[in-house]
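Adding 59 to a residue's 1-based position in the sequence shown gives its number in my numbering.
Calculated directly from the structure, the hints in this document are not laboratory data. Note that the Cβ used here is the ideal one computed from N, Cα and C, for glycine as well. Check each hint, because a few of them may be wrong.
[Claimed, not checked] Heads up, simulated EDC-like pairs for lysine to aspartate or glutamate below, C-alpha to C-alpha not over 20 Å straight-line:
hint : residue 1 : residue 2
1    : K193      : E172
2    : K125      : E81
3    : K193      : E136
4    : K193      : E85
5    : K193      : D209
6    : K125      : E111
7    : K125      : E183
8    : K125      : E172
9    : K193      : E74
10   : K125      : E192
11   : K125      : D226
12   : K193      : E211
13   : K193      : E224
[As the list claims (entries may be wrong)] Label-pair restraints from in silico Cβ distances:
hint : residue 1 : residue 2 : range
14   : D84       : A228      : 34 to 44 Å
15   : P156      : G78       : 27 to 37 Å
16   : T206      : G134      : 32 to 42 Å
17   : D104      : A180      : 31 to 41 Å
18   : Q202      : P95       : 18 to 28 Å
19   : E101      : V184      : 26 to 36 Å
20   : P156      : D226      : 33 to 43 Å
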Amino acid sequence: MIHGRFQPFHLGHLEYMRGAAERCDELWVGITNPDPARVRPEESDPVRHLPESNPYSYGERMLMVKAAARDLGLGHERLHVIPFPVNEPELWAAYVPEGITQFLRLFSAWGGEKQERLLAAGYEVVILDEGAEKALSGADVRQALRTGGDWESLVPAGVAGVLRELDRAAVRSS
């Protein structure tokens, strides 16, 4: 299982997905912060709970994850997308299959915090790309989207299509 906010899903997330998919028969993708009313501040990542850090709904992010999986050639029979309330470990058993392996990339104190929580909950944790440095963040993509920068080069092609469609839908509804 991989998990993240995917605000939006970008090329770094695609590498995360690819690394995990290469190591398992079925890939579970947990979308964190699925319910904006339940998002909590995290000391190890002080901006992750802010509304401007979470512009996309769970459903919009699910569409992005599925589009990215198609870009990788990861068929729907191998992909399961679920809500993953990362801030509420007591709820994980309601969403995550027992015995599933958790794949992580460790780029920050928040990554270390997630690793500790997952291990404490009894999950096997596999670190992908150990020692690698984060090259891209959702904040970079959101900034490019806000300023009219080249955001399309930062996301998988399928996700770019989803984001363009969301933008068209927003224009139609305003």
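How the hints compare with the structure:
| no. | hint | result |
| --- | --- | --- |
| 1 | K193 - E172 | holds, 17 Å |
| 2 | K125 - E81 | holds, 17 Å |
| 3 | K193 - E136 | violated, 30 Å |
| 4 | K193 - E85 | violated, 26 Å |
| 5 | K193 - D209 | holds, 19 Å |
| 6 | K125 - E111 | violated, 23 Å |
| 7 | K125 - E183 | violated, 25 Å |
| 8 | K125 - E172 | violated, 27 Å |
| 9 | K193 - E74 | holds, 11 Å |
| 10 | K125 - E192 | violated, 26 Å |
| 11 | K125 - D226 | holds, 18 Å |
| 12 | K193 - E211 | holds, 19 Å |
| 13 | K193 - E224 | violated, 28 Å |
| 14 | D84 - A228: 34 to 44 Å | holds, 35 Å |
| 15 | P156 - G78: 27 to 37 Å | violated, 20 Å |
| 16 | T206 - G134: 32 to 42 Å | holds, 36 Å |
| 17 | D104 - A180: 31 to 41 Å | violated, 19 Å |
| 18 | Q202 - P95: 18 to 28 Å | holds, 21 Å |
| 19 | E101 - V184: 26 to 36 Å | violated, 18 Å |
| 20 | P156 - D226: 33 to 43 Å | holds, 35 Å |
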